[in-house]
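Engineer: Each chain, letter by letter, is given below.
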Amino acid sequence: MAAAHENKVKNAKLVLLGDVATGKSSIVLRFVKGQFVEFQESTIGAAFFSQTLALNDETVKFEIWDTAGQERYHSLAPMYYRGAAAAIIVYDITNLATFTRAKKWVQELQSQGNANTVMALAGNKADLVEARKVTAEEAQAYAVENGLFFIETSAKTAINVNEIFCEIAKRFLQAQAQQQQNPNGTIQMDRPATRSTAVSSCCS
Amino acid sequence: MEAILSEKDRAVLIPYYDFDPAKLAGFSPAVPLTIRSIAVFPAPDCQTLIYVGTGGGKLLLFSLNPSLSTSPLTSLDDDSNAHPAVPVVFLRSVTISNRVIEFITVLSEIGRVLLLSDGFLFLVDSLLLRSVRKLGFIKDVTAISTRLVQLGFPNSDPFRDGAVRAELSSPGQTFLKKIGGGIRVNGAGSRLSDLQRGGGSSCFLAVAAGKKLVLIEILLTSNADLDAEHGGISILWTEIQGIGGVKTMAWVGDSIILGTAEGYHLFSVTTGKGSLIFSLPDSSPPLVRYLVRSSNLLLLFDNVGVVSNALGHPVGGSLIFQYVPETITDMHPYVIVARDGRLDLYRKKTGVCVQSFSLPKSSVGPCIVVNDDLGNGNVVVIGTPYKAFCCRKVSVEKQIKELLRKKHFREAIYLVEEFQSEGEMTREMLSFVRAQFGFLLLFELHFEEAVDQFLLSESMDPSEIFLFIMRDPNRWSHLVPRKRYWGLHPPPVPLEQVVDDGLVSIQRAVFLRKAGIVTTTDDEFILNPPSRADLLQSAIENIIRYMLVSREKDLLSPVKEGVDTLLMYLYRALNQVSDMEKLASSQNSCVVEELETLLDDSGHLRTLAFLYASKGMYSKALSIWRVLAKNYSTGFWKDPTASSGDYASDSSADLLSGQRVAAAEASKLLQEISDQTLVLEHLEWIADIDQESAILFLISEKRINQLSPGDVIASIDSKKIEIHQRYLQWLIEDQDSDDMQFHTLYALSLARSTIELVERHSMQDNRLTGKYNKMGVSDVTDQDSLKYNIRERLQLFLQASDLYDPELVLKVVEGSELWLEKAILYRKMGLEEMVLQILALKLEDCEAAEQYCAEIGRSDVYMQLLAMYLDPQDGKEPMFKPAVRLLHNHGESLDPLQLLEKLSPEMPLQLSSDILLRILRARVHHRHQGKIVHDLSSALSVDTQLARLEERSRNVQINDESVCDSCHAHLGTKLFAMYPDDSIVCYKCYRRLGESTSARGHNFKENPIFKPGWLVTR
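Heads up: the protein sequence lines correspond to chains B and H, in order.
For reference, each letter of the first sequence is one residue, going 1 to 204 in full-length UniProt numbering.
For reference, each letter of the second sequence is one residue, going 1 to 1018 in full-length UniProt numbering.
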């Protein structure tokens, strides 16, 4: 099967953005290696990973840049989100400031980034329900308003980690297909609203 | 992780020589020189040129001879001139200006050195033989970069649109004119023609000066000789205004990456546009370096090295340094970063720090690290204010060797894999190193890992392993390639000895450890000392694994022989009988002489027999099977595959099956052997054990030359009737033999067997009548089926074959009860009467008798049969019933009167009435039958006549247009004729054509016409 798909591998540059200590590296580590480290070191600069994901008869190879959340490295971010096919903006559901920061990232991407970038908002640390400071409804409302795909994740318990990448892969492939059909036209990312509910069918 | 951490053990870069440039150049110690810039250039003549720029504007040239490098760090501090073979020699110096020389680069394409001092650029020839030229058209230079041509990408000509030209043609003359400024759209300047430019070599430079960026092409015009005093150099340049504050830059392909205090910008040479790659925070100094091999760039951000491609897109993760470096140097596959006399090497691909070292404390100060511009030289020069250190890159092999010497196998393997993934090792070297690993691991008793490494080595020859299995010297000793391994492992010895020696060293290590001395021996072995048997088992199993893989490779035939023979050795050592037999019986290259005695001694006779057979040594193989068959009966040989527990209880069954197996194996061999003597020699013992096996090889059609049937028949023991018969049957039925002798022999043999069986059966019948109930019914049916089987065969053969001698057969069956057979024989002999007598009188098989008569087909035979029925002789009563039956069936050729005459006058009417009635009824029946046939025939005749009449009385209409179908003349009132196929012709044509062929060409004689109405329907 794999051999038959080889010719359909599509590369997708993906960048993770978000405040410091929201769990960007942990999400990537969970997705790429299936691991979780309790005391993940703070990322410096940016770390690079790649991971392929098979969806039906197509394969997406994610080239993932996990950026540093520290403010000092903020100026590096444009280099990573420039030309990215997808971006995951991560906040910590137990920390309202990180959600505010996430909104700033969304704004920056909307104004500076590529219009075709598939954007996902991830409310990480979903396992820490008791310490929750940002409600899912609030985030969902914001996401709908800004045409983002929203999901709450937990790198620690692996909840929705694969799902978020799968959904991104799906949207990426759809965008690509639309682009091929309509090379000059613009792509409306938020058009098929029904899709946002049908998550995780491809990953288990 | 362990491997990565212990990589700190590695020494990739070794400082081996340091020198004080001022001292070496013989300058007075009163005027100290400070090193401010260095360039290294590997000259074509194996010398490496080192250029040192000083704080006072001097350029010093040294030559380094890397081959003279002494390994320990030597110093020139004392008696430098007394040392005869110093690697660094001062060549000459030149004064450039009275300010600091900030930057030196060698423009190898044009053989010039470019210097930056006091904001001006200077050009000087590479050996500092000629005077220095100042490029006066540009000032306030802050950064310089040569262009790195990007392989596989378009590298466009930056001067496409026009540039300013200056010619440096005579000493003292500064650049002439400056026509226009900035980028000129239409090449109005004195642009050189492509022809002129193409003639010589050139190089491109980007220079940041003040608030502009200047792209410069320096070229040697084609007519200019490099060594000429006033060699013609043309300089083209183009200026881009509005770019200021550049502190560092790199030009790759069509992109120039500019580093300013604010951040990094990308300037495209093709579009002339700039864009921000990323901005820098305060206090993060910009530093750009190109990574030559990948054509990528390293952009410094604090202590982070961000790798980007020429388009400003990120490539891989960031390199994280332990400090903000002063200098970064590319030395593929590493980058060297340095600050304050401390150096660290990072692997570009993984970002792992592989080596750190510090320079002597006295040298601490600003630090410059230089490799040649292409980043692949093996010499790195480190400059501190007063001293320069020459470092050598340790070759990949040496790095691995060092790890192996320390027995850090896993780290070494990791390193090799790393080198392999980066393509730093040739395949040959990789194979060599893998084999080397394997040997070391083998002697360390890690057999599985050793074989894994052997298998990964493409150049490893299986013969290198032979000496571990068979002591030197042996048959294959001369095959072992003389490879110059690194001498880290002892010469090969048999595995037992490897294990013993290994165990001794483990014991020694245990002892030493108790005494507090650390050894390199594997901890695992020290903590859990392995048993000798386990080790040996593992060793042999793994070498078997290697041999099995090697077998599949394309090897020289002597090596193939070695592999297979030694594989057998190893199987034998583990007593893997089924594998041994599988190897021996399959296609193999075993050397029999090497294994004969060995297998014989250890009792692996079956394997030996298979081996002989596979090598075509059939006689020997058969002898073994014969011996095995014999020894089975004496209980000598045990089947190792049979479970020992059941052996005693099933010994008789085993014995029988064992013998059978031996016979079957021998038979298998004999089936293909054409050597008649050999075949017949083994016939007897095989036949004694299993007749079926004997038959199989006698009737085999696999052999090339068939055996002589006469000899075979002569050799078959007369008591082995089954073999005899089956062989003859095969000759006759399958080989279509027409030899009368064989047919007769077969018939005789079958006849004898049948008689014997019939007699035995009748005897049994007699005996059984009394005690029938005591015997199983199945036994009786078996006996019967056997009897009928043979008898049937006899009858069929007697009937089918015409080639046997019936008289001889008859002699055999004469006295027996085989009447049907006799009938067949008589029939063959043409004795009709005898046949009829047997059929009609002896067997009373009227049907067969009548059938026989019908076959003969003459009426007199029926008469003869009738006569026989009516007068059976020997005092028998006439057989009226068959006679009447005969009359009824074949009455037309028989006279009923004869029957009537035979009826005895004394016969009571009651008895005879039945016969008479049947006779009369038969007569009446015959008469009626005849009448019916007659009447049916007359009906047919009438029908036919009617049809003829109808056909003749057909009407046909002729009009004016009717024409003759033959001559096409109008018929008019002429006489005409019509054929049965309805074609009409004039009378003339009718006469001409005749009656039998119509005008349409239908020939009624050859192809009669039938119409539906003519057929008799009743």
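Just to be clear, a hint being listed does not mean it is correct.
The following label-pair restraints were derived from C-beta to C-beta distances [as the list claims (entries may be wrong)]:
1) B/Lys61 x H/Asp157: 34 to 40 Å
2) B/Asp57 x H/Arg660: 57 to 63 Å
3) B/Ala141 x H/Gln322: 41 to 47 Å
4) H/Gly272 x B/Gln110: 53 to 59 Å
5) B/Lys61 x H/Gln497: 37 to 43 Å
6) H/Ser477 x B/Ser50: 50 to 56 Å
7) H/Ser201 x B/Gln110: 47 to 53 Å
8) B/Lys61 x H/Ser477: 51 to 57 Å
Hints listed in this document are in silico derivations from the structure and should not be mistaken for laboratory results.
The C-beta atom is built at its ideal place from N, Cα and C for all residues, glycine as well.
Engineer: Compare the structure with each hint and give your call.
Structural biologist: These are the hints, each one checked on the structure:
no., hint, verdict
1, B/Lys61 x H/Asp157: 34 to 40 Å, "holds (36 Å)"
2, B/Asp57 x H/Arg660: 57 to 63 Å, "holds (59 Å)"
3, B/Ala141 x H/Gln322: 41 to 47 Å, "holds (46 Å)"
4, H/Gly272 x B/Gln110: 53 to 59 Å, "violated (30 Å)"
5, B/Lys61 x H/Gln497: 37 to 43 Å, "violated (52 Å)"
6, H/Ser477 x B/Ser50: 50 to 56 Å, "holds (51 Å)"
7, H/Ser201 x B/Gln110: 47 to 53 Å, "holds (51 Å)"
8, B/Lys61 x H/Ser477: 51 to 57 Å, "holds (53 Å)"
Hint check: violations occur at hints 4, 5; the rest are consistent with the structure.
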